[in-house]
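Heads up: the protein sequence lines correspond to chains A and B, in order. Here our numbering is used: the first residue of the first sequence is 14, the next is one more, and so on. Here our numbering is used: the first residue of the second sequence is 14, the next is one more, and so on.
Keep in mind the hints are simulated off the structure, nothing from the lab. Hints are not guaranteed to be accurate.
Same chains, same label: a pair holds when it works inside one copy or across any pair of copies.
[What the hints assert, rightly or not] No farther apart than 27 Å at their CA atoms in a straight line, the calculated lysine-lysine pairs in the DSSO-like style are these:
{"hint": "1", "residue 1": "K87", "residue 2": "K17"}
{"hint": "2", "residue 1": "K208", "residue 2": "K195"}
{"hint": "3", "residue 1": "K84", "residue 2": "K122"}
{"hint": "4", "residue 1": "K122", "residue 2": "K86"}
{"hint": "5", "residue 1": "K86", "residue 2": "K17"}
{"hint": "6", "residue 1": "K195", "residue 2": "K216"}
{"hint": "7", "residue 1": "K265", "residue 2": "K235"}
{"hint": "8", "residue 1": "K272", "residue 2": "K426"}
{"hint": "9", "residue 1": "K16", "residue 2": "K195"}
{"hint": "10", "residue 1": "K16", "residue 2": "K175"}
{"hint": "11", "residue 1": "K17", "residue 2": "K195"}
{"hint": "12", "residue 1": "K425", "residue 2": "K272"}
{"hint": "13", "residue 1": "K89", "residue 2": "K16"}
{"hint": "14", "residue 1": "K265", "residue 2": "K399"}
{"hint": "15", "residue 1": "K195", "residue 2": "K205"}
{"hint": "16", "residue 1": "K265", "residue 2": "K402"}
{"hint": "17", "residue 1": "K17", "residue 2": "K89"}
{"hint": "18", "residue 1": "K236", "residue 2": "K122"}
{"hint": "19", "residue 1": "K195", "residue 2": "K353"}
{"hint": "20", "residue 1": "K236", "residue 2": "K17"}
{"hint": "21", "residue 1": "K236", "residue 2": "K205"}
{"hint": "22", "residue 1": "K87", "residue 2": "K122"}
{"hint": "23", "residue 1": "K122", "residue 2": "K89"}
{"hint": "24", "residue 1": "K16", "residue 2": "K87"}
{"hint": "25", "residue 1": "K425", "residue 2": "K449"}
Predicted, not measured: the structure shown is a model, and the values here were computed from it.
Protein chains: 2
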Amino acid sequence: MSKKVDPRLSSGFRDYLPEEMIAREGMLDTIRGAFRTFGFLPLDTSMVEREEVLTGGDPNFKKQIFNVGMKGKKEKLALRFDLTVPLARVVAARRNELYQPFKRYEIGKTWRGERAQAGRFREFLQCDADIVGSESTASDAEILALVYEVMRALEAPRFVIKVNNRKILNGLPVFAGFPQSKMHNVLRTIDKLDKQGWVSVAKELERPDGGRLSKAVIMRIKKFLDSVNARAPLAAVEELFADIPVAMEGVKEIESIGKHLEALGVPERAWVFDPSIARGLGYYTGMVFETLLLDLPEFGSMCSGGRYDGLVANFSNMSVPAVGLSVGLDRLFSALEKLKRIPSSGTRAETIVLNFDPETEYECETLTTELRRAGIAADFYYGGEKTLKGQLAYAAKADYHVVLILGSEEWKKNMVQVKDMHRHSQENIPLREVSKTVERLCAEGR
Amino acid sequence: MSKKVDPRLSSGFRDYLPEEMIAREGMLDTIRGAFRTFGFLPLDTSMVEREEVLTGGDPNFKKQIFNVGMKGKKEKLALRFDLTVPLARVVAARRNELYQPFKRYEIGKTWRGERAQAGRFREFLQCDADIVGSESTASDAEILALVYEVMRALEAPRFVIKVNNRKILNGLPVFAGFPQSKMHNVLRTIDKLDKQGWVSVAKELERPDGGRLSKAVIMRIKKFLDSVNARAPLAAVEELFADIPVAMEGVKEIESIGKHLEALGVPERAWVFDPSIARGLGYYTGMVFETLLLDLPEFGSMCSGGRYDGLVANFSNMSVPAVGLSVGLDRLFSALEKLKRIPSSGTRAETIVLNFDPETEYECETLTTELRRAGIAADFYYGGEKTLKGQLAYAAKADYHVVLILGSEEWKKNMVQVKDMHRHSQENIPLREVSKTVERLCAEGR
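Bound-form chain A, shown alone:
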């Protein structure tokens, strides 16, 4: 039909073929399971929001968002860039229907218009769990315990949760001697320490985008950040910031979180206080954290979040404390793949019933139905190959585990030929025992 349309995606967008999706769905089931046992409930919010809801009128956000429009509709709409702002909107709009503490999870796509680069996509999946309506450090700790449980359940090897508190960072201007107005630039720069190292961070702090700080101020910041290397980093910070009340509040909160974590069964080696963790987003107000794989620190944080007590206030006069986590599934998948922790899944249903003898075509379909009703994922062949040989070659290439042959010969004897393609073995089985045999072969193969 005339002109062909180029079947390509725009840069920054991608598809997931079955082999990858089977593994991703397995990970999602695990994550959802962890969220559920921790008592979180599913929420599903609109992917399209009014622009004003996302930006709060802040023009800085507009660079990052995708606008959505249709002919004849004047309202300014956009695709959500995270799952946290929609949650805050729902809490403000539906407050009479939601008991607090409200614990919800949401798993869904989000979009950011960042420059497309290797491994960075403009459409990506987030898995969030948040507690709304508790200001207790017990709820901070529960979020961290959930991070630990998710990483453990996914069999992630050697990871550490790095924890800090924005209140400690809020003491930094007083301690280092720079005005509060430069906080945003300074935090954004410090946040790069993990990836870029101190020399690069120090240089940026001198530049306008880093706050244009003096050498003396930068040395004070270094002194603060170096406390991570002390034998007891939190005690070191406590000493440095002893005179700064807001920072001391932050220190006390982390101490309290530590005690809760112990009670919640999170081993001490799984988390650490790290004063350089700031998190870029403006809305955090208390505890913040990142989760790194020790074998792949360059992949960045696999699971991040923190406390944001002010976000709902953008939408209503309520003051609602909140704390949450977000798992970056795409990044985590790439990392676990690199560490060879993604179980290799077949690309197929495990079983296929061939279809080469017109005399038994319907009997083969009935056999397929019986397998399916026994819970076995089964295909019935209706491709272009007509011969047994051609269909066997297809089944081998397509990597089916079990192949079933029921031609007129077998039908007469009430038997089915069962081929285990992985072991290159075969046997003849009475028709009524086929499901059981296939179940056994598939279970052994796993």
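Once you have looked at the hints, place chain B on chain A.
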């Protein structure tokens, strides 16, 4: 913080709160399970496509789609309006990675810019399963058998799958006497028969948007449609269209599908031939179907689809046959809710450990962790209520099934107080037996 943003959504968009989401997730698990046992594999495609991919250059489509844009990006992008066009794009673009027949399912949001009205949303979830690369009527039948299995597994009461074939409809211009060029308008009008009845359809056929047909032609169309009331509708059509080869091909295909359906275990009462089923979308080329709930026909089709052998050809020179189904989850949910077939789910995790005695706070957290590790969805209380009485009132209001009390008194005796809130009963249980007891209570309560 100064000006508040109104926390409302744009019209046609919505959120799903936990109560509804728990039921929806249950339905999705059921649908996904049916797709998997039929040998379909997961695929996940980008939600944002290049506009040209969606419209194929056809300006008629542009009215329905939401455009997506960002500052500085000139490429025309849009949100997908179904999951079929993206599948065709993937098959064309990734043909070397995909074995055919390729059976995939995809569950995801889609968008259409139709006028927002009661029960009609602009963002909605679709659950699709398609077979690409088989032209056999066995694959048509497998799709219908999957529809039957999905509806059965969801415990949908009294439904019927109405099946037709575009090839039969393609004989209609010859039979009724109108030019091929009017087919599109005529089919779109006939498609409304179920909802609007014949009088309204006949009137529309006289109008320009219905094809501006003469009374004589309209009577011939009625004669064709009336065959649905014959004792054997397919035989009636076979008689009327005996001289029209393309229509006879369609009749033979439906006969063949019927035989496969029997072999696949689909009972005869579950499907029927209906010559009025046309399906609006232009891309169907063979079998088409809709699925109605007999108790709620006015809700329209719960699950629809058909054969579309030409779609991949929009993107490449390959000729690739394809057939598929799409479950409209939102509509099905509303219908099953109306028929009281949605199991009422609690709005909460089933169990909560209270937290009123500062002396045993950590012990209560450890107990919560033990429950979770035993697979029990458990909350730990960290809301604002400090007294036992206040927390019990909260737990009753929030509808927890089981409440656990572990204060200093209980701790001294190594016991936990277990309250079954549904039966208003309580017992003291040794600490180490709590998980087992809670499991039993929750299982009994289901």
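Comparing the hints with the structure gives:
1. K87 with K17: Between copies, since 21 Å is at most 27 Å while 33 Å is not.
2. K208 with K195: within (22 Å within a copy, 64 Å between copies)
3. K84 with K122: Answer is both; intra-copy 25 Å and inter-copy 21 Å each pass.
4. K122 with K86: Both. Shortest intra-copy (24 Å) and inter-copy (21 Å) distances satisfy the 27 Å Cα cut-off.
5. K86 with K17: Between copies, since 24 Å is at most 27 Å while 31 Å is not.
6. K195 with K216: within (16 Å within a copy, 71 Å between copies)
7. K265 with K235: For K265 and K235, only the intra-copy Cα distance (22 Å) is at most 27 Å; the inter-copy one is 81 Å.
8. K272 with K426: between (70 Å within a copy, 24 Å between copies)
9. K16 with K195: So K16 and K195 pass the 27 Å test across copies only (24 Å; inside, 56 Å).
10. K16 with K175: neither (55 Å within a copy, 35 Å between copies)
11. K17 with K195: between (54 Å within a copy, 26 Å between copies)
12. K425 with K272: between (72 Å within a copy, 21 Å between copies)
13. K89 with K16: So K89 and K16 pass the 27 Å test across copies only (18 Å; inside, 34 Å).
14. K265 with K399: Close across copies (21 Å), not inside one copy (74 Å); limit 27 Å.
15. K195 with K205: Within one copy only: 16 Å inside, 64 Å across.
16. K265 with K402: Neither. Shortest intra-copy (73 Å) and inter-copy (29 Å) distances fail the 27 Å Cα cut-off.
17. K17 with K89: Result: close only across copies, 17 Å inter versus 33 Å intra.
18. K236 with K122: neither (40 Å within a copy, 50 Å between copies)
19. K195 with K353: This pair counts as neither: shortest intra-copy Cα distance 43 Å, inter-copy 59 Å.
20. K236 with K17: Classified as neither: same-chain Cα gap 63 Å, cross-chain 40 Å, threshold 27 Å.
21. K236 with K205: within (17 Å within a copy, 75 Å between copies)
22. K87 with K122: both (25 Å within a copy, 23 Å between copies)
23. K122 with K89: both (20 Å within a copy, 20 Å between copies)
24. K16 with K87: Between. Shortest inter-copy distance 22 Å satisfies the 27 Å Cα cut-off; intra-copy 34 Å does not.
25. K425 with K449: within (21 Å within a copy, 52 Å between copies)
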